[in-house]
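Participant: Please take these sequences and the hints and turn them into a complete structure.
Spelled out from the first residue to the last, the chains are:
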Amino acid sequence: MFGFIRQRAIASLISLLGLVVLVFFLSRLTGDPAALFLPIDATDEMRRQFREIHGLNDPLAVQFWHYLGDLARLDFGDSLRRARPAIEIVLEAFAWTFQLAVITMAIVTAAAIAVGALAAFRVGGLFDRIASVTSLVGASAPDFWIAILGIVLFSVTLGWLPTSGTGTPLHWILPIGVLFIRPFGLIVQVVRGSMITALSSAYVKTARAKGVRSGPIIFVHALRNAMLPVITVIGDQAAALLNGAVVVETIFGFPGIGKLMIDSILQRDFNVMLAAIMVTALAIFLMNLLIDLAYALLDPRIRH
Amino acid sequence: MINRLLATTALALAVSLSSALAAETDVRIVLSEDLDLLEPCMATRSNIGRVILENVNETLTEYDTQGGGGLRPRLAERWEQQPDGSWRFHLRQGVTFSDGSTFDARDVKHSFDRAMNSAMTCETPRYFGGMTVTATVVDDHTIDFAADPVQPILPLLMSLVTIVPEETPVEFVRDPVGTGPYAVTEWTPGQQIVLTRRDGYWGEQPAVTSATYLFRTDPAVRAAMVQTGEADIAPSIAQTDATNPATDFSYLNSETVYLRVDHSVPPFNDVRVRRALNMAIDRAAFIGTLLPEGTEQAVAMFPPTTQGANPDVKPWAFDLEGAKALLEEARADGVPVDAEFTLIARTENFPGVTEVMEATLQMLQDAGFNAKLQMFEVADHERFYSKPYPADRGPYVLAAMHDNNKGDPVFSMFFKYDSEGRQSGVSDPGVNQMIAEASAATGDERARKWSDLVAHLHDEVVADVLLWHMVGFSRVSERLDWRPSIATNSQLQLAQIGFR
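Protein chains in written order, with the working numbering: chain A, 1 to 304; chain B, 1001 to 1500.
Some chain B residues flagged as far from chain A (calculated, every beta-carbon gap over 10 angstroms):
1. D1099
2. S1101
3. V1137
4. W1202
5. G1368
6. S1419
7. S1451
8. Q1493
Under the rule of at most 25 angstroms between Cα atoms (straight-line distance), these lysine to any residue pairs were calculated in the SDA-like manner:
9. B:K1387 / A:E52
10. B:K1314 / B:L1361
11. B:K1387 / A:G55
12. B:K1387 / A:R47
13. B:K1387 / A:D32
14. B:K1387 / A:T30
15. B:K1372 / B:V1265
16. B:K1387 / B:Y1258
17. B:K1109 / A:I53
18. B:K1109 / A:E45
19. B:K1387 / B:Q1433
20. B:K1109 / B:G1200
21. B:K1387 / A:R28
22. B:K1387 / A:T43
23. B:K1387 / A:L266
24. B:K1387 / B:A1436
25. B:K1109 / B:Q1081
26. B:K1387 / A:P59
No lab work stands behind these hints, which were simulated from the structure alone.
All of these numbers come straight from a predicted model, not from anything done at the bench.
Each residue gets a CB set at the ideal place from its N, CA and C atoms; glycine is no exception.
Facilitator: Listed below in structure tokens is the structure:
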């Protein structure tokens, strides 16, 4: 097992290095940060000084060499816009995104597995039809529309929830609710499909013939075997959330990493952009590792 | 990570508790963009100025754009020009900073030198381009500013220099200390900034005890926050959200939309073609349709509240047949009026910019211009906006928006119309001379010279295609006695907010 983890870590490290090279040089193609940071009527001298202060007058290869040297000391440099260490800004934002992603995915996973499994138990029944229709609608509903609709309904009209922000637990309900809908719809569909296959397998028929009750059949025998594709989809959805839910963060004023990344790209804040990509890449690597371990836990064939 | 999660949770609880305990004289202001800096020398940047300018960091002088009172004393009680052309400022006594230190002339000198220091990239030097200014402390409460060449508007320029204590380091600070009625008591990046009224302010105590600034990108959310009572002021909301006359107000926001024309490139080097451009566009048709009611047709690069505005200059009347006739006349004289040119505009420049530009293009085509439209995002647009202009691009007309709420045309006219101006399409020695003379004049003569220049540029040179002075929309809670104004774009003085 440790050999497996070491192998994955080395592969991920190589990917991270490739990512750094790619993002470093691609980001420099977007243009001169001085053009965006300084006022439009700034003098050429002001622009030159700005570039000098931030090391942007050096040739690209020299800038990259300096960057690698700093990175080796875990120094991601300072934000051009905020005059603070880039990694501090990124970790602050990531903490918000991480909380949002973990809470949302925990609720989504529990709800989607329960609904998907129950829907598969009576295929074509009323519950299955309702679950299929709602999950399909959820999987295809645009985030921004649901978010605005949620604010108009629950905040402005009913006055039950705050429109946005992060101050109290109530502030989390709408963002989590909006983020919940799409992965829930998707995972319900996958659980349902996977469970239909599992429930029609020989071992389930045997269990039924032996008089085992429905609950244990669904949640003990069939679900465990149906979980492998479900875990893949859960991992995929969680990775998307860890990358930042830009629309939800923007509308609800959540200071997460998705919005930070978009802002840093638009503002050509290279150090923040690179630090954010590194942190999310690392998080996704760790999450993929967890998924691999979950596979191994569920399926002894993979373990061996 | 665990520490950060705990810290975030603690913060959430603290915010929740503070919300519950908010006083009736506390206000919440929701802004459209998060602040990246709280540096006083960047306070002329509108997003920063709205929070700290005159609230935390004050200036020696203050331009009253709202009340039309002109230049007023703030930390300087009075000022006069010396025989050698330098300006002497007599400073207010008994003023303290929020850190308890006493304000004196050394603080002013340090503030100016720091803001102009090339080791920092402050906004301030942009306003002092083309001149050398030296500050000399005369005594604790008197300071001289000598400018080379002599600057008649130096007192106005000092309304753009924020004052910090002498001990402030020459690097961007995150905890600004000032002499204003408020101090920054909390800044949680990405979430909120809290200013709290401080004791010991030299002026009248404001009614607002504390102000919490929140940041939401979506205009509909900002409007909803005021509607639900989560915020008291949303200085900028969308026109479509401004539906409640009791809380929603439109105001001239000091932005002017225009088409910049490069006079050195055919066919725009012919004044008849420039006249035809102006006559081809039905400016009035946009107002109340694609642009909000209250938008004004422009005849100058600065808003009509600025000194030097010329009420005698009238907007170009829409005259399609006249435009066609002018183009025909130019064509007969060999001017290449059929050459294709590009109308270049910026995405997200103002609400509805794409539709406005498409309609403008249609009007130009109707008049016989061979034009096409290209929209660029801000960084690409900048390549066409400022000199050196791209040589391989072919003829183009550039749509842009310019902001001047500083009270004097000098902040617009050199950049936009002088031969050396960074965004100028004009190269006319006569215009250069008029700009130089107006810039050097004072008082009524200054206003008259700017006024003459406005008429000359508009009617004779036909320098560009001035389109509209734009309006913004604000939503203000009914419990507040406050109205947005042309100043709201760049500053929002808490001391001007009252309660009903």
